[in-house]
Amino acid sequence: MAMLTVENLNVYYGMIHALKDVSFEVNQGEIVALIGANGAGKTTTLHTVSGMLPAKSGSVKFEGKEIIKTPGHQIVSLGMSHVPEGRRVFAGLSVYENLKMGAYTRKDKKEIADTLEMVYTRFPRLKERTRQLAGTLSGGEQQMLAMGRALMAHPKIILMDEPSMGLSPLFVSEIFKIIEEINKQGVTVLLVEQNAKKALSIANRAYVLETGKIVKEGNARDLLNDESIKKAYLGE
Amino acid sequence: MTFLSYLISGISLGSVYAIIALGYTMVYGIAKMLNFAHGDVIMVGAYISFCTTSYLGLSPLVSVLLAIVVCTVLGIVIERLAYKPLRQAPALAVLITAIGVSYFLQNAALLIWGSSSKTFSSVVGDWSIKLFNDQLTITGVTIVTVLACVVIMVALTLFTTKTKLGTAMRAVSEDKGAAQLMGISVNSTISLTFAIGSGLAAIAGVLLCSAYPMLMPTTGSMPGIKAFTAAVFGGIGSIPGAMIGGILLGIIEIFAKAYISTQLSDAVVFAVLIVVLLVKPDGLLGKRVSEKV
Numbered sequence: 001m002a003m004l005t006v007e008n009l010n011v012y013y014g015m016i017h018a019l020k021d022v023s024f025e026v027n028q029g030e031i032v033a034l035i036g037a038n039g040a041g042k043t044t045t046l047h048t049v050s051g052m053l054p055a056k057s058g059s060v061k062f063e064g065k066e067i068i069k070t071p072g073h074q075i076v077s078l079g080m081s082h083v084p085e086g087r088r089v090f091a092g093l094s095v096y097e098n099l100k101m102g103a104y105t106r107k108d109k110k111e112i113a114d115t116l117e118m119v120y121t122r123f124p125r126l127k128e129r130t131r132q133l134a135g136t137l138s139g140g141e142q143q144m145l146a147m148g149r150a151l152m153a154h155p156k157i158i159l160m161d162e163p164s165m166g167l168s169p170l171f172v173s174e175i176f177k178i179i180e181e182i183n184k185q186g187v188t189v190l191l192v193e194q195n196a197k198k199a200l201s202i203a204n205r206a207y208v209l210e211t212g213k214i215v216k217e218g219n220a221r222d223l224l225n226d227e228s229i230k231k232a233y234l235g236e
Numbered sequence: 237m238t239f240l241s242y243l244i245s246g247i248s249l250g251s252v253y254a255i256i257a258l259g260y261t262m263v264y265g266i267a268k269m270l271n272f273a274h275g276d277v278i279m280v281g282a283y284i285s286f287c288t289t290s291y292l293g294l295s296p297l298v299s300v301l302l303a304i305v306v307c308t309v310l311g312i313v314i315e316r317l318a319y320k321p322l323r324q325a326p327a328l329a330v331l332i333t334a335i336g337v338s339y340f341l342q343n344a345a346l347l348i349w350g351s352s353s354k355t356f357s358s359v360v361g362d363w364s365i366k367l368f369n370d371q372l373t374i375t376g377v378t379i380v381t382v383l384a385c386v387v388i389m390v391a392l393t394l395f396t397t398k399t400k401l402g403t404a405m406r407a408v409s410e411d412k413g414a415a416q417l418m419g420i421s422v423n424s425t426i427s428l429t430f431a432i433g434s435g436l437a438a439i440a441g442v443l444l445c446s447a448y449p450m451l452m453p454t455t456g457s458m459p460g461i462k463a464f465t466a467a468v469f470g471g472i473g474s475i476p477g478a479m480i481g482g483i484l485l486g487i488i489e490i491f492a493k494a495y496i497s498t499q500l501s502d503a504v505v506f507a508v509l510i511v512v513l514l515v516k517p518d519g520l521l522g523k524r525v526s527e528k529v
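Residue numbers (this note's numbering), protein chains in the order written: chain U, 1 to 236; chain G, 237 to 529.
Don't take every hint at face value.
[To be verified] Subject to a maximum C-alpha distance of 20 Å in a straight line, what follows is the list of computed SDA-like cross-link-like pairs (lysine to any residue):
1) U:Lys-177 with U:Leu-133
2) G:Lys-400 with U:Asp-114
3) G:Lys-412 with U:Lys-177
4) G:Lys-412 with U:Pro-54
5) U:Lys-69 with G:Lys-400
6) G:Lys-398 with U:Thr-130
7) U:Lys-110 with G:Lys-400
8) G:Lys-320 with U:Pro-71
9) G:Lys-400 with U:Lys-184
10) U:Lys-56 with G:Thr-333
11) G:Lys-268 with U:Leu-93
12) U:Lys-100 with G:Lys-398
13) G:Lys-398 with U:Ala-91
14) G:Lys-268 with U:Gly-92
15) G:Lys-400 with G:Ile-388
16) G:Lys-400 with U:Leu-133
17) U:Lys-109 with G:Lys-412
18) U:Lys-184 with U:Ala-2
19) G:Lys-412 with U:Pro-71
20) U:Lys-56 with U:Gly-79
21) G:Lys-398 with U:Lys-184
Hint data in this document are derived by calculation from the structure and do not stem from the laboratory.
Computed from a prediction, not measured in an experiment: that's the story for all the values here.
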């Protein structure tokens, strides 16, 4: 059974019909990429799934449970974390405080401490900078913090919005490597990326969004070799 | 010695401003709105304390606790009824609503308690200590006010930096959307902020009227405006800023009254504000916030 099922999602910004009958699904253990040009509706899709934006119609089911009407702040405790576009770490809070906020809905202190240790092991840079204010970190470090913060909730699925945006090529490769590692440890990933080549190279499956509609879907490897995709998104 | 005594009354008055300014600055930090009804909550707090001691004969301490409870609830109710429906509205609409709530509270007080001023009897009692061969007198109200201010400051700082709820509050003030993704309820956090600010306003009202015992429906408005000035002076949104701004404003006001002119003291206070804002537009401890693109 699919872990996340989105059916006929319609979202409006005022008069603008931003998502038109968007349907897709993510199975347990997969990396699924949503690719598309600027303004295609990738971020809107993620925002609607994680309850930050209301939908006009449609359904979002997480582990079989309808969550379209669930208030945004109650989504994370169901097991879904969202790493937002532009990272959005709390600049005036320390690295440690940011990570603590990631575990806001969890109660068990021992488990939180274990997860923190796991996050520090995965991101040694964060451990070195634990007392530093998040706003003073470099872009790549902030991306790591945003991912670490999402992991602190102990999610079953992570939605990642443009994790490579604005990063140096070195960091981009590292971030994608980390996404693969997180996935190997059993976390399902829904990835939104402009860097379609990188995204398709780590994803199992992918959906292509164009002006609010899913226009293509398939195996990531097949899409990498698809002529029209190559032309439109891979710059070949 | 007179200088010292002016300084002490300045710190005492400034402590009251500081406690009020904390309410302004916390609400601004979280809800990004100026709650101009905040000054009138002070007045309500003072009336509650006055009524429970004068009419019900309760002890001062109990009356203060009751005032805190009533104002805390009042703050939450005001936010729910007046401001929450305007969460997505333009800032100007919220501002005008806040001014409306301010008039509503003043006129409700006028209806309930009448326009004649009440003589507030100090909740601290009438004692003082004399120093330097009786040359310097410090009243009990002064001592309690300054102590209350210090305790509140320390407690709030510990709350916002050391507790999970306080850290969540700072997270909401930085980025509501991201805070929501962490599972923090933005609405509850805003309610909590109004509750804390209004509870503090009750304390400020009681202390203010203990020092200056005239209580009228408009008692809260001028201290409210000055405390708002203090919050801007210190850097709106900053808790230590509100504290420093409040105390400096109190000292400036008392010195202006003593050495320049009683009538002009308020003008001096606001002139200082203008100069500070010209030199440092974000206030003394304010952070420059770069516009998000």
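Within a Cα-Cα threshold of 20 Å, do Lys-100 of chain U and Lys-398 of chain G meet the stated pairing?
-> holds (12 Å)
Pair hint outcome, Lys-268 of chain G versus Gly-92 of chain U [Cα-Cα no greater than 20 Å] = holds (16 Å)
Take a quick look at whether Lys-109 of chain U and Lys-412 of chain G sit within 20 Å of each other, Cα to Cα.
-> violated (25 Å)
Verify the proposed pairing of Lys-400 of chain G with Leu-133 of chain U, using a straight-line Cα cut of 20 Å.
-> holds (17 Å)
Assess, step by step, whether the Cα of Lys-69 of chain U is no farther than 20 Å from the Cα of Lys-400 of chain G, and give holds or violated.
-> Distance of about 27 Å is beyond 20 Å: violated.
Between Lys-400 of chain G and Ile-388 of chain G, is the straight-line Cα distance small enough, at 20 Å or below?
-> holds (19 Å)
Is Lys-56 of chain U within 20 Å of Gly-79 of chain U, Cα to Cα?
-> violated (24 Å)
Below or equal to 20 Å on CA atoms is what counts here, so check Lys-412 of chain G against Lys-177 of chain U.
-> violated (30 Å)
Pair hint Lys-320 of chain G and Pro-71 of chain U, alpha-carbon separation not exceeding 20 Å = Holds, at about 16 Å.
Are the Cα atoms of Lys-412 of chain G and Pro-54 of chain U separated by 20 Å or less?
-> Answer holds: Lys-412 of chain G to Pro-54 of chain U is near 16 Å, not above 20 Å.
Does the structure keep Lys-177 of chain U and Leu-133 of chain U at a Cα separation of 20 Å or less?
-> Roughly 26 Å between the alpha carbons, so the hint for Lys-177 of chain U and Leu-133 of chain U is violated.
Are the Cα positions of Lys-110 of chain U and Lys-400 of chain G separated by 20 Å at most?
-> holds (16 Å)
Consistency with the previously given hints fails for numbers 1, 3, 5, 9, 10, 17, 20 and 21, ordered from lowest to highest.
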